Each structure stands twice: as C-alpha cells, then as structure tokens.
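Undergrad: Here is what each chain is made of, one letter per residue.
There are 2 protein chains.
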Amino acid sequence: MPPTVEPDPGNAGEGSTAVDADVIVVGGGVIGTAIAWRAARDGRTVILIDPETDDKASLVAAGMLGPVSESVFGEQDLLNLNLLAISRFPSFNEELEDAAGHETGLRTEGTLAVAYDSGDLAALDRLTAFRHSIGLQAERLDARECRRREPFLSPATRGGVYAQGDLSVDNRRYLAALKKAAANAGVRTLKGHACEAGEGWVRAMTPGRQDLEARHVVIAAGHATSAIDGVPDGVRKAIRPVKGQILRLRHPKNIPPVLTHTVRAIVQGHDVYLVPRADGELVAGATQEERDDRDVTAGAVHDLLRDATTAVPAISELILAEASAGLRPGTSDNGPILGPAETERLIIAAGHFRNGILLSAATADAVTALLKGEKPNLAWAPFQPERFG
Amino acid sequence: MPPTVEPDPGNAGEGSTAVDADVIVVGGGVIGTAIAWRAARDGRTVILIDPETDDKASLVAAGMLGPVSESVFGEQDLLNLNLLAISRFPSFNEELEDAAGHETGLRTEGTLAVAYDSGDLAALDRLTAFRHSIGLQAERLDARECRRREPFLSPATRGGVYAQGDLSVDNRRYLAALKKAAANAGVRTLKGHACEAGEGWVRAMTPGRQDLEARHVVIAAGHATSAIDGVPDGVRKAIRPVKGQILRLRHPKNIPPVLTHTVRAIVQGHDVYLVPRADGELVAGATQEERDDRDVTAGAVHDLLRDATTAVPAISELILAEASAGLRPGTSDNGPILGPAETERLIIAAGHFRNGILLSAATADAVTALLKGEKPNLAWAPFQPERFG
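One line per chain: the protein sequences are A and B, in this order.
Under the numbering used here, residues 1 to 389 are what the first sequence spells out, in order.
Under the numbering used here, residues 1 to 389 are what the second sequence spells out, in order.
If we strip away everything but chain A, and leave its shape as in the complex, we get:
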C-alpha cells in the first residue's frame, strides 16, 4: 500500500514537485554503496539510505575472494557467478582506488588450502577433484611444499592445494573506499533505514524525511531486506540472518607476519580461514550460526582460536585485537537475489550471504545495467527474485 506522497508543508521549499533523486539505494554496506557509486558515476542523482551502524556484515567480513572455495558441489550457477565476479574485481577495484584516492589492500598471493589429519586430507582431495572437474587450476602440494610456502604451518599438516587465482581485500578499507568514491561522485547519504518501499518510493526513518521518491529504488539492505514492507513476500521469506563471528589478530613487534597467503585449513573436520592483511593484521573466521544476535560468544571465540592455533601454532603468540559478530544475508538456496521486484522501478540486490564483497563489483554492474534498461550479464539469470514466487 503506497503512501500518498504529498508536498510536506514543512518542506515546501525543497522542490517537492519533482522526484527526490534518480535512484534511491537502501543499504550502506558494500553492495548498496557500490551500486550508489556506480549509478552516480553514470550521471544519475543518487540518495543512499544508510543506517551507519558499525555491525554491518561488510565490516565483520574477512574479505576473502575465493570463487570456488565459497561454492559447493551442485551449486554450478553460483560458481559461474562467482567466476564472473572475481574476473571483474581487479579492474573495478583499480577504478575504486583511483576514485577514492586510497588503497583497499588487495592481495594476490592466492589461497593455500591445507589439511590437518587424514580425514581432512580426504575432504581436501574431494575439493581438488571438483576444481579440476570444472576446469579450474588447483595445484596439489605435499606437506613439505606447504610448509616451504608457509613455514609457520603446523608440522602435523598433511598436505594442501594452492589456488592461484584467489584474491583478498581489506573489507573495511574497501567499504571506506566505496563510501569515499560515492561521496566524491555526488551521492547524498541519509542516515536511517527503510520501513517500506514500492514502485519508485521509499518510506524511511531518516532525519527530517519520511517519504522519498525516485525513478528507481534499489533495496540492498542485506538480511534487513526481509523487514521492509513492499518487498515481495517470497523474497522476504527467502532471506535470513546467518551469524558469523571473526577474530582480528595483530603481530607483536618482535614477530614477523606468520602467513603470506590466505590459508584455509581443515582441522579435524572444522573449516577455518586465515586472511593476512597488508597492514600486518590477520583475520580468522568464521562461524556460521542460525542466530540473529550479534553477541561475541565464548564458544565461538574458543573454536576459532583452537582451529587457528592448531593449523598455525605461532598464532598463539599474536595479539587478539578484536572479536566481532555480524549477520550475513543468507537465502534459502544460498544464491543472491538480483532483479526487479514485480516493477522495473523497485530493484532487489540482496541475499549475498558469504559472497558480498566478491560479488559487489558484478552486482553494481548488473544494477546499473537494469537502471539503463539493459539486461545484466547472463550469469545473473538464475538469481532473479521471481524464483521465490
């Protein structure tokens, strides 16, 4: 039920006869901000509605960009999309660094997946066979070679696989760069969140304004998308928060960086990833919990530290600088949701689950195509909102 958007007498001088902007983007994480930046860069007037909280999933992420490791057997469509996304990422990131005037900490050393015991090695071998079956490079390494490349790996390491094409980025620097680039391109940010949206309009809790109109409204509100009235019910039901907890570790002055590559370790059946940053930070993650709170729990921190220090014992000596929790936007089929919701003027770009940063560039491309009336890359075809009825 769209509200009647009438000129507010109190705001009469603010040009109430026209729409407020060409595009209103709801959500200030990497997805929403990337879309806002690119739309503004194309010459559109853009309003970004951003809650500006510090518990965004974009801020809790590790910034690991591994197209294969984040997809599983049978998710071929998602894998295709991730491969599109990783091929697009470097050039997008380069433009972003230029537009923002600072670096995002992109690292290109690749991922070393390692196995701790024989069961872990069997699991890793299955993943390698899968990579090979779809024509991807994945170099099998024996234990000695793993430890040659990463000398602080546990002596118990049984073997590993090196994936050359994987990237990582400092998620916080990346989001900060997107915000800077968006502001530089003229995006107007309103602090707040949307309650309801429809064909070219948004009802939002922002200072001074409640009802906003635009040619296009883009909902990129992560898991909170499910709380916005006017988003199709099927989409709202398909999105759920999936809690993730991560740790940020720092090196004391006398300890050199313990890792060079992103390391994904399988430790007695548990997965842990360890992402080194250019600034010496090491991110360890992540839990995956069907909960909607953001509490940092003793059990999760324990399990992450146990797995991290088992895989790389020297991590015991690092400083535990931060433990944090975020809510990823999971969907019922693990795929993102991108496309018009019943009307061309209301676009959904949500449900990116564990792949938000990886998919951000490709998502911005797809949404800017839709804004121009063009079709997004075909890899997006399986991920339209209609699939949820």
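The hints are simulated quantities; they were obtained by calculation from the structure and are not laboratory data.
Please note that a few of the clues may not be correct.
Claimed, not checked - Here are a few chain A residues that face chain B, going by a calculated C-beta distance under 7 Å:
no.	residue
1	Thr108
2	Asp295
3	Val296
4	His302
5	Ile319
What the hints assert, rightly or not - Heads up, simulated EDC-like pairs for lysine to aspartate or glutamate below, C-alpha to C-alpha not over 16 Å straight-line:
no.	chain 1	residue 1	chain 2	residue 2
6	B	Lys375	B	Glu344
7	B	Lys253	B	Asp279
8	B	Lys253	A	Asp295
9	A	Lys253	B	Asp279
10	B	Lys253	B	Glu317
11	B	Lys253	A	Glu386
12	A	Lys253	B	Asp271
These figures come from a predicted structure and were not determined experimentally.
Each residue gets a CB set at the ideal place from its N, CA and C atoms; glycine is no exception.
Starting from the structure of chain A, add chain B where the hints point.
TA: Same frame as chain A, now just chain B:
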C-alpha cells in the same frame, strides 16, 4: 642521592616552608588507595600519586579472596598472613561501603574446587589434605554433590572440595569505592608517577610539581616499585612483573547465571578460576606469564576458554565481553614486602603478587600502624624489606 628541595620561585605562594603533606603515597591501585584512605581517616594530610591508567593489576584481577587456595605447601608465613587478611576483610569492606556510599559486590558463597579427571582429583585431594593438616575446613564432595550445588558443571566432573570461608569482591567496584572513600576523607590525588624517593621526599612526574616532601613516603607502586630510584636495590631486584590475562563474560538475556560459587577447576592439569559477580558478570582467569607486556594473546584467551568451557560447558553460550592483561607485582619468594626501607620515613608496601585485593585491608592496617610508630600485626614480621638485603 636526594635532591635539594628548595622553594620553587614559581610556586612561592604555595606554602613552601612546610612539608607538602603528612603522607605521600605512591601508587593508585588497591594497596596505595587503601593506605591513603586509612591514613586520611586517621586525620593525616595525604597526597596520592596515581598514574590513573586503566591497566592496573587491581583492575585486571578477579577479586577472588581465597587465603588457602592462593598459598602453596611450604608457604606457611604467607598462609598466616592471608588468614589474617581474610578475617579482617569483611569489617574493612563494610566501613569502606559506608565511607564510599556504594557496594563493592562482596560475595560469601564460598569456593567450590572441582577436578575434571582422575589426575586432577588426585591433585585436589592433596590440597584438601593440606587444608585439613593446618586445621582449615574443607568439605570433600562427590561428583553428584558438586553438580547438585553447581548444576552447569561438566558431567565429567570427578569430585570437589567446598571451602566455606572464601570470599570474592568485584575488584573494579572495590577500587572505585576506595577512591571515593579516599577523596571523601580529603586525600589529594596527583596524576603521575614517581621516579625517585628517599627519606620523606619524592621526585615525581606530576602536572606542575616535581619534588614533594612529607613526613612519610609510602611506596605502593606494584611492579613499578622496581623502577623507583631510592628504593633499596634488594627490594627493586626482588620485584618482577608477572603477566596475567583474564576474561570477563556476560550472560545473554535468556541464560540464567551459570555459577553461584567461585569455582576453581583443575582441568587436565590446568588451573582455571571462575568468579561470578553480583551483576551477572563471570570472570575467568588467569594466566601467569613471565612477561612484561600487556598484550592480550590468542594463546592465553584460547587456553582460558578451553579450560573454562571444559569445566562448565554452558560458558560457551556466554558473551565474551572483555579480555585484558595486567602485570602483578611478583617477588622472588612470593611474599609481599612491607616495612620501612632503611629509614622510618620511607615505607615499602609492594610485591603483593596474586593477593593484592585480599591483603589490601591488612596492608592498610599495617602501614597506618607504622605511621603512628606502632608495630604491625606479627603476621607481617616475615615480610620486611630487609629480607632482600
């Protein structure tokens, strides 16, 4: 080499002919602040030199007051002192709460020591035999009875011992109360730290003043006592920082307090203590490391969480609110150092190691006795500075 204390022309109006105070206390932890409060309460003018940092050992402590559990076989003198201290604590604390106008969170449920495996049980039995041998109560409980008293203890708990007389206090509320009581009694606090001290004088880094004079100077600077010139060399060499890391856990809304008693668990040879607070916090500690940094490390947090969640699995569900590190003032014989240093006008009250809060009341009594020219309780006799030559 004492400085020549001359009237500073810049401070000429500030009464430079007399001493600055009856007593100058160096150190704003529980020891120094308790001494300052009690000296002022006796009608003396008191200056407290306090670095006012938030990494004091007094702030990182758990506030567990267990006279026996903190002493070991063969440390009979220390045990006697701890028994004096615990008998004095409740009345001191009551006066303190009155003087400060707020509570310190004293808890009187006692300590339940529990053992996890058969080796742990053997260690616990040795401790119980020791308690009995010195005439202390210690009630041996079977596993069923342990879990009846603390239902969240691991089903693997093998048995335990209940010590009725143990207390605990919220160390942060306790220090805050001491500061309030000191201020109410007229203690003047100068932010800074002492560099050098002698017979009735201190050279300090405080705003505006460097040289201060008093009838008596009391050095209660914890491990930093070893950095103050003028303190006898033997004392300086006997004191060393012993790093301790602790965790502060909080209960999510839907979880009731997991513990009622202070629980000391022996878990596969590791000691962990768990101290519940009146406000729902649970403190878990502590590491004991021969290091002088205050870094919170991945390894220490891991080990504390491992032992805590092994002893009480429900702790996994608690919120990890804080991990912190402090430096306890250890001494070469584990005993505190209390008494005049060569001159009656320079008194040392330092080296309280793991027992600072427990000993704070008895220490204040002993120092105020010295200020009056009286002898402290005989239990202090073995702990004079001269024992370090």
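Undergrad: Should the interface hint for Ile319 (chain A) be scored as holding, given a Cβ-Cβ cut-off of 7 Å against chain B?
TA: Ile319 (chain A) check passes; min Cβ-Cβ to chain B is 5 Å, inside 7 Å.
Undergrad: Against the 16 Å threshold, does the CA-CA distance of Lys253 (chain B) and Glu386 (chain A) hold or violate the hint?
TA: violated, 39 Å
Undergrad: Using Cβ atoms only, decide whether His302 (chain A) comes closer than 7 Å to chain B, and label the hint accordingly.
TA: With a closest approach of 4 Å, the His302 (chain A) hint holds.
Undergrad: Under the criterion that the straight-line Cα-Cα distance not exceed 16 Å, is the pair Lys253 (chain A), Asp279 (chain B) satisfied?
TA: violated, 37 Å
Undergrad: Measure nothing beyond the straight line between the CA atoms of Lys375 (chain B) and Glu344 (chain B); if it is 16 Å or shorter, mark the hint as holding.
TA: The hint holds at about 12 Å.
Undergrad: Is the straight-line distance between the alpha-carbon of Lys253 (chain B) and that of Asp295 (chain A) 16 Å or less?
TA: holds, 11 Å
Undergrad: Holds or violated: is the Cβ of Thr108 (chain A) closer than 7 Å to a Cβ in chain B?
TA: violated, 26 Å
Undergrad: Starting from Lys253 (chain B), check that the Cα of Glu317 (chain B) is at most 16 Å away, please.
TA: holds, 11 Å
Undergrad: Quick one, is the Asp295 (chain A) hint okay against chain B at 7 Å, beta carbons?
TA: holds, 5 Å
Undergrad: Given the proposed pairing of Lys253 (chain B) with Asp279 (chain B), does the C-alpha separation stay at or below 16 Å?
TA: Holds - the C-alpha atoms of Asp279 (chain B) and Lys253 (chain B) are around 13 Å apart, at most 16 Å.
Undergrad: Going straight from one Cα to the other, do Lys253 (chain A) and Asp271 (chain B) come out at no more than 16 Å?
TA: Not satisfied, since the Cα-Cα distance of roughly 30 Å exceeds 16 Å.
Undergrad: Could you check if Val296 (chain A) really has its C-beta closer than 7 Å to a C-beta on chain B?
TA: holds, 5 Å
Checked against the numbered hints listed earlier, the structure breaks hints 1, 9, 11 and 12; every other hint is satisfied.
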